[in-house]
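Enquirer: According to our numbering, the stretch in the sequence shown is residues 363 to 730, in order.
Hints are computed from structural coordinates only; laboratory data are not their basis.
One or more of the hints may lead you astray.
To be verified - Computed cross-link-like contacts, SDA-like style, restricted to lysine to any residue with a CA-CA straight-line distance of at most 25 angstroms: (1) Lys366 - Lys562; (2) Lys364 - Ala486; (3) Lys626 - Glu658; (4) Lys563 - Phe642; (5) Lys563 - Glu707; (6) Lys603 - Thr560; (7) Lys664 - Tyr604; (8) Lys364 - Pro446; (9) Lys664 - Glu692; (10) Lys364 - Thr445; (11) Lys603 - Pro527; (12) Lys718 - Ile728; (13) Lys705 - Phe642; (14) Lys521 - Glu453; (15) Lys664 - Glu649; (16) Lys665 - Glu634; (17) Lys705 - Met659; (18) Lys433 - Glu460; (19) Lys699 - Pro717; (20) Lys521 - Leu508; (21) Lys521 - Pro554; (22) Lys705 - Ser662; (23) Lys664 - Arg625; (24) Lys665 - Thr708; (25) Lys630 - Ser607; (26) Lys459 - Met534; (27) Lys664 - Asn639; (28) Lys705 - Ser672.
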Amino acid sequence: MKYKQILLTRPPTGSNALQGGSDRDPHPQPPLGLAYLAGVIERMDDVNVLDILDGNFSENYVYDVKMAVKKHNPDFVGFSAFTPFANPALEAATAVKEVNPSILTVLGGPHAVLADVTMRKCPALDVIVYDEGEGQIEEIVSGKPLSEVSGIFIRQNGKVVPTAPRSYIDNMDSLPYPAYHKLPNFPDGYHPHPPKSTGKKWCSIMWSRGCPFFCNYCNRENSFGLQFRNQSPEYVIDHIKYLHSEYGIEELTFYDDVMSLNRKATMKLLEEMTPENLGFNLVWDAETRVDLVDQEMLFSMKKAGCRMMSYGIEHGEFIHEIKGGTATLEQAENAIKWTHNAKIETVGYYMIGLPKETPETIRKTIDF
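With these hints in hand, go ahead and build the complete structure from the sequences.
Expert: The following block contains the structure:
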């Protein structure tokens, strides 16, 4: 069965959602995952993305999903959720089935790694998509039998079972731009978390997926995998110019896990992002590792409009162990010094309360 009327949605991501509420995020980020899926679906014939319902613009999320289903009569409803905010999505999936049990309900996003327990907890879910979702969603919507779609969990003979593993997307330039026009209140309704905002029209962007490092607290290997893949600098520049011309975007946040891992491609991208080559003054911030920057790169970042760089330093005592056996405190100190010298604001992320933690090691982290 081919699905032709698609509704995509995510639950609210405000702080009260952590306690099972439906609080809206005062600084919502665009749901890029859903927008990418919508972009893929819109390339298909005779398929309509009805809406992307963002719970951060909803007074009562579950009720609004139910009303949207009654209004649009979709045959496919897709949810995306982080684990802390998953409960409203599961409640909404149940509400969808109450309106029309024949609607296919699909969950993706970071919470999908808990597929088995989630599907047993929520009988209203038909499918869970894990890892990247673009390939799976295209095959599901086109009507391919679910048992033949790799990279998903389905119900079979009363059990929750995984289908065959799926390869990650190798050619990142094959992805369409996210369907920004389907996002509610884009771009004015979305804002970076303080202190990142400069007041300009803003959007988040990703030019790479995957991370080859084995940080012991991270689950990225179960979402974008361990193989690093980036879009070409030319693709990214075209994307940035599109955002500027269509929506007036002049500020970006790169949400890549390791934005600068491919040094050659990063330096080429930075060269093309200068005002002289881009044609306007772009302001941006990003995150990367302390062992993936150097002085030349950071000065190039500043020239290309970087105003803030965030590093996962994590811990003053166990950084080498936590960061996959590679990063050191000396590298962290150098990265901070070099970033400061380049006149880029520096943000450090730290963790307290890890296994092996003692009051002494906590003090070392604070002192660092």
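Enquirer: Would you mind marking each hint as holding or not holding in the structure?
Expert: Hints versus structure:
For a cut-off of 25 angstroms, the pair hint linking Lys366 to Lys562 is broken: about 37 angstroms separates their Cα positions. A hinted pair counts as satisfied when its Cα atoms are at most 25 angstroms apart, and Lys364 with Ala486 qualifies at roughly 20 angstroms. For the proposed pair Lys626 and Glu658, the alpha carbon gap of about 12 angstroms is at most 25 angstroms, so the pair holds. For the suggested pair Lys563 and Phe642, the alpha carbons sit about 13 angstroms apart, so the restraint of at most 25 angstroms is met.
With a C-alpha separation of about 20 angstroms, the suggested pair Lys563 and Glu707 falls inside the 25 angstroms cut-off, and the hint holds. With a CA separation close to 19 angstroms, the supplied pair Lys603 and Thr560 stays within the 25 angstroms bound. At most 25 angstroms may separate the alpha-carbon atoms for a hinted pair to count; Lys664 and Tyr604 meet this at roughly 22 angstroms. For the hint pairing Lys364 with Pro446, the CA-to-CA distance comes to about 32 angstroms; that exceeds 25 angstroms, so the pair is violated.
At most 25 angstroms may separate the alpha-carbon atoms for a hinted pair to count; Lys664 and Glu692 meet this at roughly 23 angstroms. Of the pairs offered as hints, the one joining Lys364 and Thr445 is violated, with about 30 angstroms between alpha carbons and a cut-off of 25 angstroms exceeded. Between Lys603 and Pro527 the alpha-carbon distance is near 36 angstroms, which puts this suggested pair outside the 25 angstroms criterion. Of the pairs offered as hints, the one joining Lys718 and Ile728 holds, with about 16 angstroms between alpha carbons and a cut-off of 25 angstroms not exceeded.
As the CA atoms of Lys705 and Phe642 are separated by approximately 20 angstroms, the hinted pair is consistent with the 25 angstroms bound. For the suggested pair Lys521 and Glu453, the alpha carbons sit about 21 angstroms apart, so the restraint of at most 25 angstroms is met. Restraint check: the Cα-Cα separation between Lys664 and Glu649 comes to about 14 angstroms, which is no more than 25 angstroms; the hinted pair holds. Between Lys665 and Glu634 the alpha-carbon distance is near 11 angstroms, which keeps this suggested pair within the 25 angstroms criterion.
Restraint check: the Cα-Cα separation between Lys705 and Met659 comes to about 13 angstroms, which is no more than 25 angstroms; the hinted pair holds. Annotation: proposed proximity of Lys433 to Glu460 holds, straight-line Cα distance about 14 angstroms (limit 25 angstroms). For the suggested pair Lys699 and Pro717, the alpha carbons sit about 29 angstroms apart, so the restraint of at most 25 angstroms is broken. Of the supplied pair hints, the one linking Lys521 and Leu508 holds, its CA atoms being roughly 14 angstroms apart against a limit of 25 angstroms.
Restraint check for Lys521 and Pro554: the C-alpha separation of about 42 angstroms exceeds 25 angstroms, so the hint is violated. For a cut-off of 25 angstroms, the pair hint linking Lys705 to Ser662 stands: about 11 angstroms separates their Cα positions. Proposed proximity of Lys664 and Arg625 is supported: the alpha carbons are some 16 angstroms apart, at most 25 angstroms. Between Lys665 and Thr708 the CA atoms are separated by roughly 16 angstroms; this keeps the pair inside 25 angstroms, and the hint holds.
Pair hint Lys630 plus Ser607 holds up; C-alpha atoms about 22 angstroms apart against a cutoff of 25 angstroms. Restraint check for Lys459 and Met534: not satisfied, since their Cα atoms lie roughly 35 angstroms apart, outside the 25 angstroms limit. For the hint pairing Lys664 with Asn639, the CA-to-CA distance comes to about 15 angstroms; that is within 25 angstroms, so the pair holds. A hinted pair counts as satisfied when its Cα atoms are at most 25 angstroms apart, and Lys705 with Ser672 qualifies at roughly 14 angstroms.
Checked against the numbered hints listed earlier, the structure breaks hints 1, 8, 10, 11, 19, 21 and 26; every other hint is satisfied.
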